[in-house]
Each structure stands twice: as C-alpha cells, then as structure tokens.
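Trainee: Note that the protein sequences, when read in sequence, are chains X and W.
So the number in this note's numbering is just where the residue sits in the first sequence, counting from 1, plus 301.
So the number in this note's numbering is just where the residue sits in the second sequence, counting from 1, plus 19.
FYI, nobody ran anything at the bench for these hints, they're computed from the structure.
All C-beta atoms, glycine included, are put in the ideal place defined by N, C-alpha and C.
Hints may contain errors.
Listed next, the stretches of chain X that the computed footprint assigns to chain W, with coverage defined by at least 3 CB atoms under 8 Å from CB atoms of chain W [to be verified]:
1) 353–366
2) 406–420
3) 432–438
4) 494–507
5) 516–528
Now for the letters of each chain:
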Amino acid sequence: MAQKRGISVSLFSTCLADTFFPSVCFATVAVLERFGVDVRVPLSQTCCGQPAFNSGNRKEARRMAAKFLSVFQGEEHIVTPSGSCAAMVKHEYPVLFRDEPRMLSLAYHVAGRVFELSQFLVDVLGVEDPGSTYRGKVTYHDSCHLKRGLGVADAPRTLLKAIRGVEFVEMEESDRCCGFGGVFSVKYPHISCRMADRKIERILETGAQVVTSGDIGCLMNIGGTISRSGYPVRAVHIAEILAGSEGAVP
Amino acid sequence: MEPRVRHFVRNSEKALADRQLQVALSRTTGKFLENRAAAVAEFPRFEGARESASRIRQEALDNLDAHLARFITEARKRGAVVHAARDGPEAREIAARIAKEEGVSLAVKSKSMIAEEVGLNGALEADGVEVVETDLGEYIIQLAGEPPSHIIAPAIHKTREDVSRLFEEKLGEPYTEEIPALTRIARRRLRDKFFSAQMGISGANFLCADTGSVVLVTNEGNGRMVATLPRVHMVIAGIDKVIPRLADLPVLLSLLPRSATGQALSSYVSVLTGTKRAGDAEGPERLHIILLDNGRTGILQGKYREILKCIRCGACINVCPVFQSVGGHAYGWVYPGPVGSVLAPLILGLPESSPLPNASTLCGACGEVCPVKIPIPGMLVELRGDEREQGLKTPAEVLGMKAYASVMSRAGILEAFQRVAGVVSALLFKERKIEWLPFAFSGWTERRDFPAPAPQPFRKLWKRQRGIRPWTR
Numbered sequence: 302m303a304q305k306r307g308i309s310v311s312l313f314s315t316c317l318a319d320t321f322f323p324s325v326c327f328a329t330v331a332v333l334e335r336f337g338v339d340v341r342v343p344l345s346q347t348c349c350g351q352p353a354f355n356s357g358n359r360k361e362a363r364r365m366a367a368k369f370l371s372v373f374q375g376e377e378h379i380v381t382p383s384g385s386c387a388a389m390v391k392h393e394y395p396v397l398f399r400d401e402p403r404m405l406s407l408a409y410h411v412a413g414r415v416f417e418l419s420q421f422l423v424d425v426l427g428v429e430d431p432g433s434t435y436r437g438k439v440t441y442h443d444s445c446h447l448k449r450g451l452g453v454a455d456a457p458r459t460l461l462k463a464i465r466g467v468e469f470v471e472m473e474e475s476d477r478c479c480g481f482g483g484v485f486s487v488k489y490p491h492i493s494c495r496m497a498d499r500k501i502e503r504i505l506e507t508g509a510q511v512v513t514s515g516d517i518g519c520l521m522n523i524g525g526t527i528s529r530s531g532y533p534v535r536a537v538h539i540a541e542i543l544a545g546s547e548g549a550v551p
Numbered sequence: 020m021e022p023r024v025r026h027f028v029r030n031s032e033k034a035l036a037d038r039q040l041q042v043a044l045s046r047t048t049g050k051f052l053e054n055r056a057a058a059v060a061e062f063p064r065f066e067g068a069r070e071s072a073s074r075i076r077q078e079a080l081d082n083l084d085a086h087l088a089r090f091i092t093e094a095r096k097r098g099a100v101v102h103a104a105r106d107g108p109e110a111r112e113i114a115a116r117i118a119k120e121e122g123v124s125l126a127v128k129s130k131s132m133i134a135e136e137v138g139l140n141g142a143l144e145a146d147g148v149e150v151v152e153t154d155l156g157e158y159i160i161q162l163a164g165e166p167p168s169h170i171i172a173p174a175i176h177k178t179r180e181d182v183s184r185l186f187e188e189k190l191g192e193p194y195t196e197e198i199p200a201l202t203r204i205a206r207r208r209l210r211d212k213f214f215s216a217q218m219g220i221s222g223a224n225f226l227c228a229d230t231g232s233v234v235l236v237t238n239e240g241n242g243r244m245v246a247t248l249p250r251v252h253m254v255i256a257g258i259d260k261v262i263p264r265l266a267d268l269p270v271l272l273s274l275l276p277r278s279a280t281g282q283a284l285s286s287y288v289s290v291l292t293g294t295k296r297a298g299d300a301e302g303p304e305r306l307h308i309i310l311l312d313n314g315r316t317g318i319l320q321g322k323y324r325e326i327l328k329c330i331r332c333g334a335c336i337n338v339c340p341v342f343q344s345v346g347g348h349a350y351g352w353v354y355p356g357p358v359g360s361v362l363a364p365l366i367l368g369l370p371e372s373s374p375l376p377n378a379s380t381l382c383g384a385c386g387e388v389c390p391v392k393i394p395i396p397g398m399l400v401e402l403r404g405d406e407r408e409q410g411l412k413t414p415a416e417v418l419g420m421k422a423y424a425s426v427m428s429r430a431g432i433l434e435a436f437q438r439v440a441g442v443v444s445a446l447l448f449k450e451r452k453i454e455w456l457p458f459a460f461s462g463w464t465e466r467r468d469f470p471a472p473a474p475q476p477f478r479k480l481w482k483r484q485r486g487i488r489p490w491t492r
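This is chain X alone, in the form it adopts within the complex:
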C-alpha cells in the first residue's frame, strides 16, 4: 500500500455532507488516514457558495467564496468528497473575482490546491489499490462537474475496480446528467425527475446492487428517487465504498 507520510490535507467537508451525510465525511477521513495522510478539518468552513453562484446570485456567491478562501488559504491540499464543490472553487471562483485582482490571485492560489477525493488519491498519492473490501455489484455515475468540470473519470473507476469483493459494471450513458442541477431540481422538478428516471433505468439495466458517485448532489437526487419508488438498488457515496464503512458515524 502506498504510504505518503507527511502529507497534510484539509478536509473541505461541504455543507451538504456536513448536514445530511456525516458518514461520507468520516469515510473520506478514514480513506485518507489509511494512506498516512494527516487530516485536518477547518471548523469554521460552511458552504462554497455553489447554490448562489449557479443560480446567478453573484453577491451572495462572492460572500461565500470570500469566506471559503479566508478559511482555506494557506492549506497545502484541500480535499473534498464532492466533484461539483471542487469544480466550484477551481473554476468559478476566478469568474466571481474577475474584477478584483487581489481576490482573484487568492482564488487562483487556492484553486490549485483543491482536489476531489478520488482524484487526490490517484493523482497525488498514487494509490492503485484502496486496500478495502466491499461486497457487491457496483456501477458508477459520472457527476457532470467531476467528469466534464474537473476531467476526472478514470480515477474513481480505477479505485472501485481494485476493491476486493466489488464486481464493477458500467452503465450506459454513465455521464448523462441525473437531473439534479442544484436549484434546477427545485425550479423544474418535473424535468429533473424525468432525467432521474432515465438515469435509474440505466442503473437498473446493469443489475447492480449499488450505484455510486463522487458527488453528494447527484446521490441526493438518485438516492431520493430510489427511496421513494423502492427500486432494488442503493445509492452510496464512493468514499464509503472506498472506506468500506457505509453509513458509519462514531
């Protein structure tokens, strides 16, 4: 197992995981610590501002972004279990601060240090085998912002395939949007649900017991649809599969 002593990581827990899915944060920490990473959790973090930015509420987004930057500036590696939150900081903060040179340079500085979990494990730590066990047939949904935003598609697959006991199966249209889209799912719930239906169809076709992804938003949408209709599949965050600790909190 690759051990990289002396690497320290700040966990960007995300407001959604913090509030709704603490087990995802603990799983993220567990995986990182397994590889000898020293994990810190900045306790004054809140939200990256993505809901405000995506809905065009720049003033609020800028306020959130400034807060995020003040919390995380100076950190060596910032790792998050959410592709869209990472993409927000990496790609959209510079857009938000395009007219404020000082903030812009800070935004770029921090943007270069943000990683999504699977990306960090594979690209920075060089992990090939996550060293965990998980029983089941698993399929993977590409979060739009993780795949198209950050260009991360291979890392999560590499990791999942290496887990003992995982039978990995690809679904068709794995990178077709699940219909979440943040505020979109609230403003246009019927279109959002139709997109989720198609995603569920693709998931069910694989016969997988578990659908996983690297984004809390997608999993809320896919998981919520599954739970309402009682489909024979579970939506589990990739961190929990990598940690082999589904739903566990201390």
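Put chain W on the given structure of chain X with help from the hints.
Mentor: Frame of chain X; chain W shown alone:
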C-alpha cells in the same frame, strides 16, 4: 415566429406528458448522438479542427464590419443586390418588396432558421405570395401548421406514424409508413413547385467575405434547386454568418455535418457566387441578399459576443438532457436547447425569456460538444446573474439566497441551524427521509424523497471524536 418563451414551464409540462413526442425525441436525438460519436471517433483531427474553427469564427467576429463590407463589395461585383435589415419588421418589408418588384406569386424555400426568426413566410403570404417549404422536415411541419422544433431537424417531434397520418389527411395520399414512399410523395408534390416558382428563398450557412459567396449545406439537394431553378434567388442571413475567406470552408465543413447529424460530409454543399453569367448552365438571373442584424451588433459589443460564433449545427441541442426531455417547442422560439437559451434572452430580451437560462442543470454537455468552443454553460450562469441584477428574480429566490448567505456566513450560525434541524429530524423523520417539503420545494418531494438532516452534523461529531475543545479551534 411569435415567441412563447415565457410559458416554458407550462409548455414543458405538456411535452413531458406527450408520449408520442417522447418516443420521437428519444429516437432522433439518440440516433444523432450515436452518429456524432462515431463520426468524431473516426476523425482524429477533430480537436484540432475545433481549435481552428473556433479561431476562424472569432476572427470573423473581431473584424465583423470589415468582413461584411468586403462580402458586400464582392457579392455586388458578381451581380447580387445586397440589402441591410436592422430587425425583423425591416427584413419582412424588404422581402415583400423584392417579391413584388420581381413579380413573384410562388416561392420555393429551403430551410432557414433566420427566416423563422423574422417570420418571413407570414409576411410574404400576407402579400399573396405562396411560399412552399422544400426541405422534407419543413414541408411536413408546414402541412401541419407548426413551427420547427429543432434547427437542423425541424420535424424531430413527429414520428413516422404522425407523418403518415398527416400526408393522408392533408394531401389525400394513401396511408403508408414506408419512409421511401413518404419521401416520394413529397418529392412528387414539390417537383411542380420547383419548376413553376419565380423565386427561391434560402438562408446561408456561411457567407465568404473574399468571394461574396453564399454557402448552403443540405442533405436533400433542395437548397441547390431553390438557389438555381427559379429566376430569382433571395438569401436571408444573419450578419454573424460571414467568414473571412472561402479557404476557411474546409475546416468548418469538416465540423458542421459531423456535429449536426454525424455525417462526414452532408450530401450537398453549394457555394453560390453571384448571378448567372453568360455561358453558365444554371443559376438565378437575379440574386438578392438580405443581411439581418436583429440585435447582433448589440451582442457583438457585449460579454456574450462568442455566442455569435455559433454555426447552428445543433449538437448542443441534441446532447442536452433537458431538450431530450421536453423537445424544441417547449422553448417557445426558433432556437431551442442550450444555444436558444442564450440567444433568446439576447435577441428577445431577458424579461421575455428568463425561464430559459435557468432551464439547464449546467451539466456541461453542450460546451463539450460545441464545434466552435462556445462556453455555453458559463453564459447561462452569466445570464442568471444579469437576471438578478435587473431585478427579474422572484422575491422568494432573492430572500432565500440572502437568508442562505446569512446562515452560511458564520459556522456558529450554521451549527445553530443544524442543531435545530437535527432535533426536528430525529423527532419527525425516523427513517432519515423527508417525503414532503412545502412551498417552492414541494416539487422536489413530489416523486423523490429528500434526505433528513443528520441528528448531529459531521463537524460536531468530529470535534467529539477527536476531543477538540471550542477554544482550540
């Protein structure tokens, strides 16, 4: 086309419930996407071509006035009469005047979105000119009395069965679902029109500045017949269609059909330069070119300039999961899908079109396939920002965002909220799911559960697990 953009929600609900439409949409967009993927895969220079095409279009826009002036000079030199139309009404007026002066009673028309944008057919018909659409898809929807629902496949919302019934009902033809038979019917019906029309009407895929040429890309050959058989050819094109050089065509043509239908090359590419010269076998005696602005110079000067790079391939439309769910008519105007959601606010105005920029999950698929690399998702977000700045958002959204920002501005406030939410959640939502949410969120829980807040948020559990005291933060 009368814009109905404001009714996007109502229109999309209707579309979602229309089974026939859903079948038609999944058949056609699926096929386009499959073909496009295959065409891109067997064209290794695709990325390089995208880069060049994007540069060519940018170059055209950066010096649009000079390129336009050149185009006008060159086209006039070769016998064309060039007209400038500031907006839709002016374009309609010019077109009607041309038809009158040229003594036109029947016009055959090749598919043109710009003609839809200005409502050209209506203007000519009001003056007693019969306008017959000759693109098969356009012919079908003209018979049905409907607007196009896609910029390259105007009848994409119709299934083969729909068309069979339409031909039976409107043309009195015997019912057949065989596509070749249906095509034969249309061809037979159109042939006479081609030969008796006094004027052909077309749009333009590109206007070449250095030669004054009008380029038409079609699959049915109707464009070429429209442009060459009648005595008069009338072209209507947006000023954004100009490209600096004829020599720029190959790279653009290597991308347009691949991105649109997945063809390596469309069946017909016509480069039409000037009127018929002595000794020419074919060509119009009179060539009128109407150059339409309709808000484009305004767009050119603003932050959305790059949208004018668009070559109208429709790839962003085909790949858009929202379009795939609701189809083109839901968007309520000529240009549907992601490109339409940017163009409609810019041309019709944001107050008129504000549902559209929001009708996207920002999944990024449109930006990924765009052959000229227009950052469409970023533009949609930007438009949403303009919406807030222009006071077009609902008070509920603005209030909600302000509340959200206040809660999130300090970890302490967030924690207080989480504590309350956790207690409520533990009491009410034993199964850790919320089946009903009120107000603006009611749609979310109509068919989905919402996760219940955890009894204790992560950071609280973390502090306890790691023995972190408040003063050690």
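Trainee: Run every hint past the structure and note whether it holds.
Mentor: Hints, verified against the model:
1. 353–366: holds (count 11)
2. 406–420: violated (count 0)
3. 432–438: It is violated: at least three residues are needed, and the region 432–438 of chain X offers just 0 whose Cβ sits closer than 8 Å to chain W.
4. 494–507: holds (count 5)
5. 516–528: This one holds; 6 residues, not fewer than the three required, reach chain W with a Cβ under 8 Å.
When the structure is compared with the earlier hints, violations turn up for hints 2, 3 and for no others.
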